[in-house]
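If you read the sequences in order, they're chains A and B. 179 is the number that my numbering gives the last residue of the first sequence; the numbers go up by one with no jumps. 411 is the number that my numbering gives the last residue of the second sequence; the numbers go up by one with no jumps.
If you are wondering where the hints come from, they were derived from the structure by calculation, not from laboratory data. All figures in this text were calculated on a predicted structure; none of them were measured in a lab. Any given hint could be a false lead.
As the list claims (entries may be wrong) - Not the full set, but computed from the structure, chain B residues with beta-carbon under 8 Å of chain A:
#	residue
1	M234
2	P237
3	N321
4	V324
5	K328
6	S395
Positions of the beta carbon are idealized from the N, C-alpha and C atoms, including for glycine.
One letter stands for each residue in the lines below.
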Amino acid sequence: MTTQVLIAGFGGQGVLFAGKCLAYEGLYENKQVSWLPSYGPEMRGGTANCSVILSDEPVGSPIVNNPDVLIVMNLPSLDKYENATVKGGKIFVDSTLIARKVERADVDAFYIPATKIAQELGIPTLANMVIVGKMIKETGIVTFENACEAMKKVVSARHQDLLDANIKALNAGYNYAE
Amino acid sequence: MSEKVLMKGNEAIAEAAIKAGCRFYFGYPITPQTEIAAYMAKRMPKIGGTFLQAESEVSAINMVYGVAGAGYRVMTSSSSPGVSLKQEGISYIAGADLPALIINVQRGGPGLGGIQPSQSDYFQAVKGGGHGDYHLIVYAPASVQEMADYTIKAFDVADKYRMPVMLLADGTMGQMMEPVELPEVSANEIEKPWAVRGTNCARPHNIINSLYLKPEQLEKTNFDRFEKYKEIEKNECLYEEYMTEDADIVLVAFGIAARISKNAVVEARKQGLKVGLIRPITLWPFPSEVLNKTADRVKGFISVELSMGQMIEDVKLATECKKPVRLCNRTGGMIVSPEEVVESVKKLLSEVE
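So that you can see chain B by itself, here it is in the shape it has in the complex (with noise of 0.2 Å):
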């Protein structure tokens, strides 16, 4: 390990990738992750890596695709409405079973929406956000060592799942400075006997495509794709419990909204209300399981988002409805308080009490 430096989530990221062997970036400027492409701009030429700024994000996207059928390791990163441009690749690179990674620094949407920090692409990080049938693995980081701790394990999992990943952050988390320490990796890459590297005339060549037109041949290929996903729900959730033993109130909250609702949780508790933390770390797969359990001993939920309420419905699908689930959010580049989530934890206590 080496010593402990200030970054910025941004530049934890491009750091990180670098050492997880990311040797290609393809990416178009957008507030609040620019400082990533920056990053990779100054870095990559001196490694003997590649930046190159697309002339859109439908060609960063498309380039992401390229390398990663060469398989080689290989990143992109937006914010929200760029990360819209990027879907029809993702989905294409999904459907080709290839490893990528994809960053979302999230800002306000719909649309242009503005530039502060959101959590508003959830949906589209987790329920698909392009066309067909597939998912994407979904990190969402809490703190800048998380933002670069995984990165490398983006790497890693993509490369042994064959499929696209994606670390879901949000303006905060891109422009905040913490203390970080960047672990010394041995890339450790994987054989990838199906990439398309030439063959040298000494095997059949490799195929990268994700068209099949034979129905029969491409459920086949989506059941087997779910088969994967399954292993991947068995093997990758990841999750926090912070106070949870005692609860009576557990709010649910990832990413920023998880540092505030932290505070949150120890300001309730000087009051005198048993209020505990869950914060998914893989949003896909969504952990539903410790959720699921959760919900037999506690009074009731609250799902705490920057937005008007995403991952609330996949808190009701886990806990079957078994206790009521409330939101506390604000929108639009707005932060909730820690004062808000309380007094939400205040409210659900007394309907239920």
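Chain A on its own, in the form it takes in the complex (with noise of 0.2 Å):
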């Protein structure tokens, strides 16, 4: 069993950082893993994405084109990679930024106000956690308890206070019921 993430925003939403989440969520189950970032002049504003891979097999190229799963944070990134998604894949939309719905029929499409209940939290830059969370109750692609445990190696030691915050929005999103 593989699957293929692709994670896809603005710079400064938490792209990469939700990528390397789900990339430990998978080690902490003693996946083969891969994360894969866009590099380049793409700080904050500009479009950021990142490949991430779990597999029971080891994992061969790093880079997903055709992602079984996709999560946007942006419109213009549903836009580029909807098409891309496989069919019978599973797109999650924040629905807080991205007005318009998935209009492929052959694909599962999940929304969720991600930016809206991060800011009602009162962790407004978490949003990515709260897609994430989301992500994994409907994909099962790791279990809740284990996302959790891999946050702890994943949120550096420098900034363990913000460990809880990152748990609440994983939560928020788990929780969340459309």
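Take the two lone chains and join them into the complex the hints point to.
Spelled out as structure tokens, the structure:
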């Protein structure tokens, strides 16, 4: 079993960090994982994305061209990657920031106002983890418990105070009902 | 062995170098390898090592030359345009028979090119790069684990043969994160009686030099050095074979292109096509022998490269053109897809069947 995930949005939304968390969660479950960021002049405001692969087999190419799971946090990313998603794939849309719906009928679309939820929780920078929480729930790619355990490794020692906030965001997304 | 951690390829190189006993790093920032310098800047002062950001790549490589002459493990890293600047120094280090590690995390070229991944410095790495008759041993890792493992091996091999070694990666390998286990190595540094570290007036002084004004002397030095290269070709060649036993078509690819090619092999086999992969791990010495033998039983080869086709020349030489050799490539920072590779397999099969 191999799951190819593409997470895309604006630089500054924590798209790369969300991918890193997912990769660590896979590692925590003894899966083979890879994480590949877009890199370049793409700091805050530009587009950013990362490819994450979780697999029971050694990972071949780390580049995700056709995701099984697509997370989009801005409209340009949905426009760009909707058609690249595999048939039967899952698309997760931050509906606070993206007004339109997924047009394809052969994929499962999930809408979650991740940015709004994060703002209401007082952790406006953690919309990324809200949407990852929702994705974990709908895909079962890793368990929620393991995701929380893995977070301890990802959040650096310097920022342990942010661990609770990250888990709160994950939890809010995981338990969100459309 | 320690616990598996997620690391970027660039960071894995840096940490592996430290584990291998490298205590001197000289470099200059350039995308996509800057994490190596950043990691060294953070770590070296804490372990009594030296990190120095030079004013240019030219001075960085000459600092490497100096420390190598003193017999200490030393490295520099850069990306394509920066590695071009280092070529003069690399030639001097080769000419003075000194061990050192040079990392090239390639990006698109020529000129300043772009910052996205590329493999178009193959010629530069394996055919010389700088002036004069010399070779570098060139490792082409294809995973973050290999970035670490071959960094450690590179230091050992450089010391063993007293020559500069290059690790040829690319932007993808440098930027991607994978689980990596960093081995606890005891830096098995060998005695270096040739090093310039002071004589204590107890012996004649050593000389580090690449200037030979008498042609007879220079010729002999070059002949001797090429005898050493013959040994290396015999002992140090590394490659991986993947599903080649019954293959009709064999892909030849290194680094990230090999990772993509593995996916292509799996996909092609699903479609009933017998495809395999030979992945050179050392680009010099090149795995010519296995390619030549394979040529006797397959229908053709495809060189999969992120360049306009450079390694393909070595594949043709190695196989003596016994079978057709085709190119499947993207360049300039674009990445070849497994589907493109499978298409090229089908095209070649339709020509040879």
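Going through the hints against the structure:
1. M234: With a minimum Cβ separation of about 4 Å from chain A (threshold 8 Å), the hint on B:M234 holds.
2. P237: 5 Å, holds
3. N321: 4 Å, holds
4. V324: Holds, about 7 Å.
5. K328: 13 Å, violated
6. S395: At 6 Å from the nearest chain A Cβ, B:S395 passes the 8 Å test, so the hint holds.
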